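Colleague: Take a look at the letters that make up each chain.
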Amino acid sequence: MTGDWRTARWVAALFAMTVALQRFNVPGVSEVSLLLPVVIVWCAWGLMTGILTVDARRFTAWLLASGVTGVALQLQLHFVEEPLVSPSSWALFMLTWSAFTLRIVHNDRRTYIRALDSVVRVCLVLAVACVVMMVSQFSGLAYRDWFAEIVPSPLLLQGYVITYPIEYGSPIMKANAWFGLEPSIVSAQLGVGVLAALLMGAPRKVVLLLLTGLVCTVSGSGFAIALVGVVVMVFHPVRRMLLKYVAPVAVLTLVAANTPIGRNIFSRVTEASSDDSSTSLRGLMPYEYLWSQWIEHPLTTLLGRGSGSSQVLVSDSGVLGLLVPTPVKIFFDYGLVAGLVLAVFLLICYAGGPSRAMAVSLLVSMWLLQPGTTQIVLLSLVLLMVTLWSPRRSPVLESVPWGGQPRHRNSTMSTPQRQESLV
Amino acid sequence: MTQVDTTDLARRQLTQPISNGAKPARTPETSGPPVASEPPRVWVPPMAAVMARWPWLVAGGVSLGLLSAIAPASGLNDATATLQMTSANLDSLRAKQVGQTIERAVRSEPVIAEAARTRNISPAALAPRVKAQWVSDTDLVTISVTGADGDAAVKDANSIADAVIAVNERQSRSQLEQIQKESNRLLTSGTLSDTQAEAARRSQLGSNVGVRQDSATAASTQVALLDPAVESRPAGVSRQVRLMLGFIVGALLAAAAAILLPMNRRRVRAAVEVRALSTGLRVKRASGAVGEMAGRMVEEGNQDLAVVALPGAGDDAVQFAESVARIVQSHGTRTTVLNATNREVGEVLLTRDGRARSRKGDAADALIVVVPDDEWALRLLEGQSALRSVVVARSHRSLMGDLWRVTAALELSRPLVVVDR
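Respectively, the protein sequence lines represent chains F and S. Oh and the first sequence: position 256 is 389 in our numbering, straight run, nothing missing. Oh and the second sequence: position 2 is 1193 in our numbering, straight run, nothing missing.
By construction, these hints were calculated from the structure, which means they are not laboratory data. All values derive from a computational prediction rather than experimental measurement. Honestly, I wouldn't trust all of these hints.
Claimed, not checked - Mimicking SDA-like on lysine to any residue, the simulated pairs with C-alpha atoms at most 20 angstroms apart in a straight line are:
1. Lys1287/S - Ile428/F
2. Lys1287/S - Ile295/F
3. Lys1287/S - Ser272/F
4. Lys1287/S - Leu288/F
5. Lys1287/S - Ser221/F
Stated by the list, open to error - Just so you have them, the derived chain S footprint on chain F, three or more residues with Cβ under 8 angstroms:
6. 355 to 363
7. 524 to 530
Claimed, not checked - Now the stretches of chain S that chain F is said to cover, found in silico as 3 or more residues with beta-carbon under 8 angstroms:
8. 1426 to 1433
9. 1566 to 1579
Think of the CB as a built atom: it goes at the ideal place given N, C-alpha and C, for glycine as much as any other residue.
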C-alpha cells in the first residue's frame, strides 16, 4: 500500500468515527464527548506509524497559547473581581486543540483528493440515512429515537437537542440520521461533504444526493458551509467546474421550495433580524449579552473573567439556545492579551490548507455561527479538511482549472478527476 | 604514515619553479561570497529541542507551580447547602426540568428577598454571591454562597435553602387554595332547582375537587434540605490545583522557550543528540566513524580527506586523522597526514593542485589534511565536492553554532560529523 492510500484511509476512518460516534460520551463523564479521546488516540497512532508528524509552527504556537492562557488563569484568580475560573475548562480547551499541532506527512494534492473521495463516501451514507429518516416520517412512520432506546443512557452525550419538529406543531422531525447529535451538526458534516464533492468534481448525482440529505436536516449550518465554499470557488479558476451542477441544483431548489422543508429553510435566510432565531442566538445575541459584563472592569477586559465563564453566564441567562461563539469565548474568558495569543494560534490552524474554499467556509462557520472551540465533533472537520494538511505543498486546489485525468483506481467516482500532472 | 610539518614543503613548492617550465602556482584566489562567520539559522525539530532542554521544563514547571501555590488566595469563602427534590412523578427528564427550575428559583427575587430579610441584609448585597447548580443525573440542587466571612457565608447558604423550601411550600399551598376557591365558587353558583339534582351536582363537584386536590398534591414537587451548610472553605481554586496548574503552565512556557530560543551557544553533547537537533546531517561517534571513513577512502578511491577541527577538538581531529590513515595504510594505500593549521600552508594544501604536488612530493596515494574551522579554510573547501570532509567536535567543548556554520559551508562535500568524547 502506498503512503498516500494509508493517509487517505486514516483520514476516512477518523471522519467515519466522528460521524458514527458523535452521540457517545466518555463513560462516567456525561459532558465530554467520546470523540475527544478517540481523536487523540487516533492521532497518536498516526504519529507512531509515520502518517503524521509534529508541525513545528503550530506546536510552538500551541505551547505559547496554552502557557499564556494558563498564566492569565492564575492572574484572574487574584486580580479579577468575581472570577469564574474553571481549570478543567481550560484543560479541555488545550487538550482539544493539541491534535492541531500535527501534520500529515504525505500532504500532497493527490492524497488530499483521495481523502476528499473517502469523506464524500461517508457523507453519502449519512445523506441516505437522513433521506430515509425523512421519507419514513412522511410515509407515516413516526420518529423514534431508536439510538437512545438501544444505547444505555449513561453512554449518551447530554446537553444537545437531538432533534425537533421542522416547524411548530409538525409531527415531522428534522433529520439527524438517528445517530446524529443534532440536525445542525449532521448538516455541517453534510455541508463539508457537498464542498468536498464539488472540489473533486464528483458526479452530479452524488452532489444531488448530498444536497437532498442536507435539505432533510432543515438546518442552515451545512448550507452556510457549502455556500461560502462555492463563493470562494467562484473567484478561482475552478469555477468552471461548477457549471455542470447549476442546472440540477436549480431543479432541486425549485422542488424543495415547494415543500414544507424548503419553505422552512428559505424563511431562515433573513432570520438574523429576529432575536429568537437560531442565527441571532448564535451570532449576535451572545455579544449583546456579554459585552457589558466584559467591559465593566478594566481588569476583566484585560485578563478575562475566567475559562468557562462565558458559558456559565450564558447558561445562567435563561435564554434558550443562546450559544457562545469563538470570539466571545476567547476574549471574554481570557482577556485581551491572552485572548489575542490564543486567537493567533486558532487562526494559524485555518491557514495553509490545500483548499481555500474549505478553509474559509469552515473559518466563517466556526467563528461566526458555531460554538467552535471545544466541540470536537465540529472541530474534527477543520482538523481533517484543513489543519492536518497544512502547510500545503502546491498551489490551492481551486487554482487548478478544470481538466480530465485518468480515474483513480478503485474510486467509485465515474467522472474524470483532475489532471494527474496537476495533482 | 608520516606526519610532516608542511612549512618546508609549502615553502619549497612556492619558491622552486616547476620542472616543466610552467609558472609557479599562485595562492588560490578566493571567489564567491565570503563564508559567513555567523552561524546560519538552523531549523531544529521542535520535539528534539524540547527533549534537549528538558531541564528547562522542570525548572519552569517547579518555579511557576510554587509561585502559584504560595500566592495568597482570594480571601473569599464558600459555603454550600444541598436540596433534594421529591415527587411522585420524577423521571430523569422531569428531574432535569425541575432541577433547572429550582436553579433559577434560587436566584429569584422572592427567594433572595426572604433570605435577605432573615439575615437582616439587603437583597442587593446577597444576590451576587449566590450560585445554584442542579447535579446532573440526580434530584439534588446545590446552593453556594461566597463571602469574606466564612460563618456568615454558612448562615447565608442555609437561609437561602430555607427560603427556597418556604417559597415552594407557599406555592403548593397557593395552588390548593386556588382549587378550593374555584370549587367554592362553583358550589355557590349555578344552583339547580331540583333538590336531588342539586345534591348530585354538589356530590360530583365535591368528588372532582378531591380528585383535583389529590392530583395537585401528587404533581407538586417537594423540596427538602438534605445537607445544610456546616462550614465554609476557601473559595476559588484550591492550593493543590493551583500548584498543578502552575507546574503545567510553567512547563508549557518553558517548552515554547526551548523551541524558540536559538541553540547556537549550546555545547555539543552526544552524537545522538546532535543527530536529533540537526536534520539532514550524518553524525557518528568517533569510534564508529574511523572505520567508515577509512573504508570509503579505500573503496571509493577518494584520494584526499579534510578533517575540520572545531574549537576544542584540535587534538581529537589529529587523532582521528591518524586513526583513519593507519587503517587506510594497512590496505596498501600510502597515506600522509598533514596538519594545515597554518594559513600559508593551508592555502596551498587545500587546493587541488597543492594537494597533487604534496602527494607527488611525498609519494603518497592519499592525503589527510587537518584544518581549523577558520573562514579561509572553509572558503577553500566549500566549493570542492571531490574532497571528502569530516567535522570533528569535542563533547562538552564545541558549540552547536560552530558545527552548523561549518557543515553549512561544506554542504557540497556532504560532511560527516564526528563527536568525540
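Colleague: Compare the structure with each hint and give your call.
Modeller: Each hint tested on the structure:
1. For a cut-off of 20 angstroms, the pair hint linking Lys1287/S to Ile428/F is broken: about 34 angstroms separates their Cα positions.
2. Distance restraint check for Lys1287/S and Ile295/F: the Cα-Cα separation of roughly 16 angstroms lies within the 20 angstroms cut-off, and the hinted pair is therefore satisfied.
3. Taken as a hint, the Lys1287/S and Ser272/F pair is broken in the structure, with Cα atoms around 33 angstroms apart against an allowance of 20 angstroms.
4. With a C-alpha separation of about 17 angstroms, the suggested pairing of Lys1287/S with Leu288/F holds against the 20 angstroms cut-off.
5. For the suggested pair Lys1287/S and Ser221/F, the alpha carbons sit about 23 angstroms apart, so the restraint of at most 20 angstroms is broken.
6. By the rule of at least three residues with a Cβ nearer than 8 angstroms to a Cβ of chain S, the coverage given for the segment 355 to 363 of chain F is violated, with 0 such residues.
7. Evaluation of the coverage hint for the segment 524 to 530 of chain F: breached, as 0 residues show C-beta separations to chain S shorter than 8 angstroms, against a requirement of three.
8. Coverage of the segment 1426 to 1433 of chain S by chain F holds in this model, with 4 residues showing a Cβ closer than 8 angstroms to a Cβ of that chain against a need of three.
9. A count of 0 residues in the segment 1566 to 1579 of chain S with a Cβ less than 8 angstroms from any Cβ of chain F is obtained; the coverage claim is therefore unmet, three being the minimum.
Hints 1, 3, 5, 6, 7 and 9 from the list above are not met by this structure, while the remaining hints are.
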